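For the sequence shown, our numbering gives the first residue as 1, with consecutive numbering after it.
Bear in mind the hints are in silico, worked out from the structure with no lab data behind them.
Wrong hints could be hidden among the right ones.
Claimed, not checked - Lysine-lysine pairs mimicking DSS-like chemistry, simulated, CA-CA at most 27 Å apart:
no., residue 1, residue 2
1, K163, K231
2, K132, K163
3, K132, K231
4, K72, K196
5, K196, K132
Keep in mind it's a predicted model, so treat the numbers as computed, not measured.
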Amino acid sequence: MASRVAKAQARLMVRPGLLFYVVGMLRRDRMKICARRFIQFILVGLMVWTLGLMAANAQNNSGLRVVHALPKSPPADVYVDGQLFFANVTYRAISDYRLLAGGNHRIKILPAGASSEGQGLIEADFSFVAGKNYSLVAMGTGGEGGAELRLFEDDNSSPPAGKARVRAMHASPDTPAVDVCVTGYNNCPVSDLTFKNATVYVNLDPGTYSFELRRRGTNEIILLVPSLEFKEGVVYTLFLMGFLQGEPGLQIITSADSIRAPVEPPTTGALLSPTALIVIVIMMVMLMVACWFAWRRFSKKVG
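Work the whole structure out from these sequences, hints included.
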């Protein structure tokens, strides 16, 4: 009789213990699920935030490059809103694009190494539309002959399938208006190109071409440009620089524009520079690793 009573009491004691054990397991499982979901929520939020910043950065910036076409001017520094943007740009140099926030900006050209507080060789205000690329060309003779800045919008979108896209820009101060003709053909795809202006874009079949720059409306060849190669899917600008009479002489400088994407960090005006975005991504990855280690330690404690 006594043994039966003892067994009954033992059963009563085991059942509550088993119940408490089951309830504890459920609570630990629920805590794990909640912690996992909380960490996932943080990580997803960080990813969305970073992608949003990157998208906003791309949508709010323009691409700007500088072309030094002043044959009598020394290397120059280019300041945007008082901050150095391009350094030591030499004659005939075509810079890479840099990111610049859309809107109005003050551009100042100074001799390389000069104080930004000094008198600029050229100063002008320009308006930039976000999402577009621009070429800022310093034109004229330079020195005492004078100079000015001209802003051109660049269409670096993909050409039609199987084509290259080409335009020409006249930056030679003493060269008259020209027609641009293909050697060996009675074909002048560009006519009446005058100083300080650019042509519309022309789609060409990929290949190697020779061009003749003729005095407008005549067959007089001012400059022969042999063997220029144009590749499919690439956008080009041909810059006419130098002097027709004098040194440095007249020449064509070719730029493959569509492969010169804005990749360098801006020094002014941008919402976020590429460097800042990289830092944000690295910090996000470090936080993800820290969350993973925290989750492992939490799982061991509650398990």
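Checked hints:
no., hint, verdict
1, K163 to K231, "holds, 8 Å"
2, K132 to K163, "holds, 22 Å"
3, K132 to K231, "holds, 23 Å"
4, K72 to K196, "holds, 17 Å"
5, K196 to K132, "holds, 21 Å"
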